[in-house]
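J.: Going line by line, the protein sequences match chains A and B. Heads up: the first sequence at position 88 corresponds to 1133 in our numbering, and the numbers run straight through without jumps. Heads up: the second sequence at position 96 corresponds to 107 in our numbering, and the numbers run straight through without jumps.
Simulated from the structure, these hints should not be mistaken for lab results. The C-beta atom is built at its ideal place from N, Cα and C for all residues, glycine as well. You may find that some hints are simply not true.
[As the list claims (entries may be wrong)] Derived DEER-like restraints, expressed as beta-carbon distance ranges:
no. : chain 1 : residue 1 : chain 2 : residue 2 : range
1   : A       : I1276     : B       : I102      : 46 to 56 Å
2   : A       : G1155     : B       : A120      : 29 to 39 Å
3   : A       : E1182     : B       : N81       : 57 to 67 Å
4   : B       : F307      : A       : L1061     : 38 to 48 Å
5   : B       : P236      : A       : F1058     : 28 to 38 Å
6   : B       : L87       : A       : T1139     : 32 to 42 Å
7   : B       : A78       : A       : R1168     : 41 to 51 Å
8   : A       : P1047     : B       : F307      : 22 to 32 Å
9   : A       : P1198     : B       : M125      : 45 to 55 Å
10  : B       : L300      : A       : E1237     : 45 to 55 Å
11  : A       : P1073     : B       : I299      : 53 to 63 Å
12  : A       : R1153     : B       : G75       : 40 to 50 Å
13  : A       : D1191     : B       : P304      : 30 to 40 Å
[Stated by the list, open to error] In silico DSS-like cross-links for lysine-lysine, where the CA-CA straight-line distance does not exceed 27 Å:
no. : chain 1 : residue 1 : chain 2 : residue 2
14  : A       : K1244     : A       : K1151
15  : A       : K1258     : A       : K1241
16  : A       : K1167     : B       : K211
17  : A       : K1258     : A       : K1244
18  : A       : K1151     : A       : K1241
19  : A       : K1151     : A       : K1167
20  : B       : K211      : A       : K1151
21  : A       : K1165     : B       : K164
[Unchecked claim] Footprint (simulated), chain A over chain B, 3 or more residues, beta carbon under 8 Å:
no. : region
22  : 181-188
23  : 203-212
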Amino acid sequence: MPILEVRNMSHDFGGLRAVQNYSLDLEPGQIRGLIGPNGAGKTTIFNLLTGIYVPTEGEVMLNGTRINGLPAHRIASMGISRTFQNLLLWRHMTVLEHVKMARYSKIRYGLAGAFFGTPKRKREEAEIAERSYGLLEMMGIRHLADQVVLNLPYGAQRRVEMARALATEPRILLLDEPTAGMNPEELVQIMEIVRKVHKDFGLAILLIEHRLKVVMELCHKIQTVNFGELIAEGTPEEIQNDPKVIDAYLGKENVG
Amino acid sequence: MAIFLQNLVNSLQWGSFYALIALGYSMVYSILMLFNFAHGDIFMVGGYIGVGVSFGLLALSSSGILAIPNWLILVLTILFSMFLTSFVGMIVERVGYRPLRNAPRASAAITGLMIGIILETGNLILLGARRVSFPSLIETATYDLGGVFVTNKKIMIVAVSLLLTLALHQFIRRTKWGMAMRAMAFDFVAVPLMGVPVNKVIALTFGIGSALAAAAGILFGIAYPVLDPYMGVLFGWKAFVAAILGGRGSILGATLAGFLLGFTEIFVAMIFPSTLRDLIAYSIILLILTFRPHGFFGEPYSARLRL
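If we strip away everything but chain B, and leave its shape as in the complex, we get (with noise of 0.2 Å):
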C-alpha cells in the first residue's frame, strides 16, 4: 500500500509536466485546427529561460540591489520567465505560422518541427553543449507520511501546475478572449464580424501555451535541476499525446490525460522493467485511443475552418 501511494505522489508530480505542456497544444489545435510541434522546445526554451531568470534575480539579490527571500526568487522566475517565453510562442506564431494560416495543415506541420530544430540547436549555439543546472533556491524538505515520502517541491509543483490550470479555465471562461477562443474553435469565420481581432487572440493563445510550458519547464528544472537541448523533445511528444488523449480544446481533457500519462508510465515502471515502461504505457494509450479515437472530451466534429 505504501508503495503504491508512493508511486502516486510521484506520479502526480511526472504529471504536472505533461498536463501543463498537453494544455498550450490543445489551445492551439482547437482554434488552429494546427499541431504547434514546437511547443515541445518551447518548454524547454521555458527552462532555460528559468535558469537565466533566476541567476539574475540571484545576482541581483545577493549583491544587495533588491535583497529579497529565496522563495520569492522562485515565485518572480515563474512568473518572469512565463512572461518572456509568451513571446518566444507569439514570435513563432507570427513568424512561423500566420504566413500559413491559408497553406494545408502539413506544410504548417513541418514549420513546427523545424522551429523546433532551430530552437534546439539555436541553444547549442549559444550556450554550447554544456548541461545547465538549475539553481536551488529552496531546500528540499521531507515530510513522512507513514512510510510515504512527500517533498516540499513536489506538493509545491503539484499545487503550482493545478493552480495555472485553474486560472486557465477561469480565463478562457470569463474574459471576452476566452471567449474568443471558445467561439474560434466552433467557427472561425464569423468570429471576426463580430468585430474581434482574431490575430490578436491568436497570438494570445500561443503566448498562453507558451507561457504554460515555461511554467512546467522551470518546475521540471525545480524536480531535476540538469536541463539540456534536447529535453523537449520526447517531453513534448508525449504531452501531445496528453492533448489528443484529453479531446481537442478540452482543457479539462488536457489536464487529466497528462496526469493519466503519469500515471501509467509510473506504475508501469512499477510493475515491469523501467525499459519497457514507454512501449507498454504507450500501448495501453493506443489502445484507449483505439476505442476513444477523439480522446476524453472530444467529439466527432472537425471545425469548418474555412468558407
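If we strip away everything but chain A, and leave its shape as in the complex, we get (with noise of 0.2 Å):
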C-alpha cells in the first residue's frame, strides 16, 4: 500500500489553474524524482502535500488518511516534513534552535520549567540536545550548532534546513531542489547524505531537483510535469527515452 497516495489534485489561484489533476503513488521506501520545467507547479505541489495551501480538488491519503484541508502543522506532526527551495531559515537563531524547533510538539514543560529549570526541563533539554546533535553530527554541521544560521555559508544553510526537516521525525520526505546552488563537490556530498537519511530513516523522499544527473541517480521512479499537468511517470531510464519530457525541456528539435 502506498503511504502517500494522490488522487487527481488540482488548484488554482484565481483564475489559473496552477496543478491539474496530479497523481501520485508513493511507496514506503521509494525515491521519487519529480522533474519539470521552471513554473511547471512542482513546488506549488509540494505546499499542496504539506497544507500551506489547500487543494481545490482532489484528495491527499497519508497511510489510508484524508489529510488534505487539514492545517499544516497537523500534516507535519502526522509525519510529512520538507525542505525550501529558497532556504527559510530562521536567520538570527542557532543551528541548534532551529533542530530544536522542530521538537515543539514534543517538549511538555511549560512555564514553571522555563522559568525555574525543573527536572523535567533538563531531562528534555537533554534528551531534545543529544537527538539533535545526532542529527548535526550526521549532516557535518555538530561544529557549527551554536551560531546563527545568517553567518553561515549557504552549503551549510543547506544541511541545516535537512537536519531541521528531519527532526520532526518525518516518515516522507519532501526536498525542493536541495542542490540549488551548489558546486559539483557539495552535490556529491548532498547526494551522499539523501542516500543515508533514506538508508537510516527508511524515509521515503519526494524530490524536485534541475539536475537530471542527480534525479537519475537517486530515484525509483521519476514523475515529469509540464503546466501543471503530469506528462509522464516512469523509471529513469523511461523518462530518459520519453519524446514528451524531451520535449517540455529541450523544446522542439528547432528550439534551443
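Join the two chains, each given in its own frame, into one complex according to the hints.
T.: Structural data, given as C-alpha cells:
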C-alpha cells in the first residue's frame, strides 16, 4: 500500500489552474523524482501536500487517512516534512535552535520548567540536545551548533534545513531542489546525505530537482510535470527516452 | 540637581506605562507585520477591568467572605485583570485580525482603528460618561531622599513594570512558545511545518501583549486614579511611537524607547511651557527616527510573510 496517495489533485490561483489532476502513489522507502521546467507547478505540489495551500480538488491520503484541508502543523506532525528551494531559515537563531524548533510538539515542560529549570526541563532539554547533535553530526555541521544561521555559508544552511526537516521525525521527506546553487563537490556530498537519511530512517522521499544527473542516480521512479499536469511517469530510463519529456525540457527540435 | 533627580524619578514612572504598552505593539508587529491599533484601547479596557476586579475583591474582603489585606487585593487585582484582559486581546485577534490574515495590511490597520472605537464607545454605553475612579488600595508614603521625593507607589510602578518586562524576556528566551514567536518573526511559512500550531502562538502573543497593557492600565490607575474611556487613545499612539523607536520585535528596544519617551516628555516640560511638550518631545523623536528609521534594535529588513 502506498504511504502517500494523491488522487486527481488540482489547484487554482484565482483563475489560473496551477496544478491539474496530479496523482501520485509513493511507496514506503521509495525515492521519487519530480522534474519539469520552471513554473511547471512542482513547488506548488509540495505546498499542497504540506498544507500550506489547500487543494481545490482531489484527495491526499497519508497512510489511508485523508489529510487535505488539515492545518499545516497537523500534517507535519503526521509525518510529512520538507525543505525549501529558497531556504526559509530563521536568520538570527542558532543551528541548534532550528533543530530544537522541530521538536516543538514534543516539548512538554511549560512555564514552571522554563522559569525555574525543573528536573523535567533538564531531562527534556538533554534528550533534545542528544537527538539534535546526532542529526547535526549526520549532516556534518555539529561544530556549527551554536552559530547563528545568518553567518553560515550557503551549503551549511542547506544542511541546517535538512537537519531541521528530519528532526520532526518524518516518514516522508519532500526535498525542494536540495542541490540548487551548489558546486560539484557539494553536490556529491548532498547526494551522499540523501542516500544516508533514506537508508538510516527508511524514508520515502519526493525530490524536486533540476539536475538530471542527480535525479537519475537517486530516484527509483520519476514523474515529469509541465503546465501543472503530469506528462510522464516511469523509471529513469523510460523518462530519459520519453519524447514528451524531451519536448518539455528541450523544446521542439528546431528550438535551443 | 534635586530638580533634575526629581524629574528623573517622575519620568521613570511615566516611561513605565509607555514601555509596558509598547511591548504589546512590538510583539504583534514582529510576528504578523501588523500594528494592532486597538492596543491603546486594550490598555484602557485593562484599567477598567482592574477597577471592577478591585471593587469586587474589596467588597468580598469587607463582607468578611475573603478577609485579605489591601496589598494582597492589589496583587490579585493585577494578576486577575491581566488574565481577563488577555482574553480581550485574543478575542480581538480571533474576530478582527485572523479573517484578514492574508488581506492587505491596510485593511487590518483600519480594522484595528475600528475595534478601538468599538471598545471606547462600548465602554461609554456600558458605564455612561461619568468618570470612574480607581480605589485607593495602598496608602501613599513619601520618602524624602535629600530633596527628591519618592513615593512607595512610584517605586512599585517602576518595579512591577520592570519585573513584567524581565518575565517576558525570559518567556521569549526560554519557553517553546517564545521560541516559536522568535522564529515567526524571521520566517512565518516554515514554522507550522515544524508542527507548531501558529494560530495558537499568535493568539498567545495577543494575549500576553494585552495582559501587559492591562498591567499598565492598573498601574496608571494607581498613579492617576481617574479613568476615562478615551485614555487609551493618546497613550496608545505614544506607545506605538515607542515600539517603532525600539525596533521591530525588540523587547529591550521597546522598553528603552518607552522610558526614553517618558524622559523626553518630562524633561521638555521641565524646560519649556508644558503646552509645547508633545510638539517638542515628538520632534526630537522624529529627528532620531530620521537617522535610525528602523529604530534602536530593528534592522533594515522585512520578513517574508508569504511564499
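J.: Now look at each hint and say whether the structure bears it out.
T.: A quick look at each hint next to the structure:
| no. | hint | result |
| --- | --- | --- |
| 1 | A/I1276 <-> B/I102: 46 to 56 Å | holds (50 Å) |
| 2 | A/G1155 <-> B/A120: 29 to 39 Å | holds (34 Å) |
| 3 | A/E1182 <-> B/N81: 57 to 67 Å | holds (59 Å) |
| 4 | B/F307 <-> A/L1061: 38 to 48 Å | holds (44 Å) |
| 5 | B/P236 <-> A/F1058: 28 to 38 Å | violated (56 Å) |
| 6 | B/L87 <-> A/T1139: 32 to 42 Å | holds (40 Å) |
| 7 | B/A78 <-> A/R1168: 41 to 51 Å | holds (42 Å) |
| 8 | A/P1047 <-> B/F307: 22 to 32 Å | violated (54 Å) |
| 9 | A/P1198 <-> B/M125: 45 to 55 Å | holds (48 Å) |
| 10 | B/L300 <-> A/E1237: 45 to 55 Å | holds (51 Å) |
| 11 | A/P1073 <-> B/I299: 53 to 63 Å | holds (60 Å) |
| 12 | A/R1153 <-> B/G75: 40 to 50 Å | holds (42 Å) |
| 13 | A/D1191 <-> B/P304: 30 to 40 Å | holds (32 Å) |
| 14 | A/K1244 <-> A/K1151 | holds (25 Å) |
| 15 | A/K1258 <-> A/K1241 | holds (18 Å) |
| 16 | A/K1167 <-> B/K211 | holds (25 Å) |
| 17 | A/K1258 <-> A/K1244 | holds (20 Å) |
| 18 | A/K1151 <-> A/K1241 | holds (25 Å) |
| 19 | A/K1151 <-> A/K1167 | holds (14 Å) |
| 20 | B/K211 <-> A/K1151 | holds (16 Å) |
| 21 | A/K1165 <-> B/K164 | violated (39 Å) |
| 22 | 181-188 | holds (count 5) |
| 23 | 203-212 | holds (count 8) |
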